[in-house]
Amino acid sequence: DAGITQSPRYKITETGRQVTLMCHQTWSHSYMFWYRQDLGHGLRLIYYSAAADITDKGEVPDGYVVSRSKTENFPLTLESATRSQTSVYFCASRTTGVGMSNSPLHFGNGTRLTVT
Amino acid sequence: GNSVTQMEGPVTLSEEAFLTINCTYTATGYPSLFWYVQYPGEGLQLLLKATKADDKGSNKGFEATYRKETTSFHLEKGSVQVSDSAVYFCALSEDTGGFKTIFGAGTRLFVKA
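Residue numbers (our numbering), protein chains in the order written: chain G, 1 to 116; chain F, 117 to 229.
In case anyone wonders, no lab produced these hints; they're calculated from the structure.
Among these hints, one or two may not hold up.
[To be verified] Taking lysine-lysine pairs in the DSSO-like style, the calculated list, with each CA pair at most 30 Å apart, reads:
no., chain 1, residue 1, chain 2, residue 2
1, G, K57, F, K168
2, G, K57, F, K216
3, G, K70, F, K172
4, F, K172, F, K184
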């Protein structure tokens, strides 16, 4: 089925461990985004990517690393997890072209990450 | 920088009541404005959008009008249902640079039968 898939849905990890959250989309959208959702903050942008091999920082990039070797995949890695990174993480994509700012984001169902 | 401010929740209403969720924005350029809805355990999904001043977005009985003079995009529904219980996010999409989307903090709506 076409869509955007995140894995895992739930993850518990320990402080200091490396963890990677996966995101896969089947639309061939150029732009992909990682957000974190925390109570009282809405969604905050961590990183985004305009195309394969092109990534850029968002509002809260510290402690995170991304890569995009293929258009359809956009993994997010926490190199050394901290308790402050406990959150729900959402991956999203959008189409490109004329009037791209008009196109909505398409979201995955999120990964709930707990760092103990 | 650009920002979105929406009313804090939670908002609790009885079924068939009128709903308003206020949203104001700060932006340079000509952003598009969106309302997204999030049901429990799911990602956000588009509810409606407006792409220029005075445009009205509408969907499933919800409406919002892009007011440039008051920099607002308030969400309204004339008669809410229990199934409308969710978290609602106001957002703007920049029209330059990385075309990033900026979200408000979200407003949780509870509708009682």
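Exercise for the section: Identify every previously stated hint that the structure contradicts and give their numbers, smallest first. Expected result: Violated: hint 3 alone.
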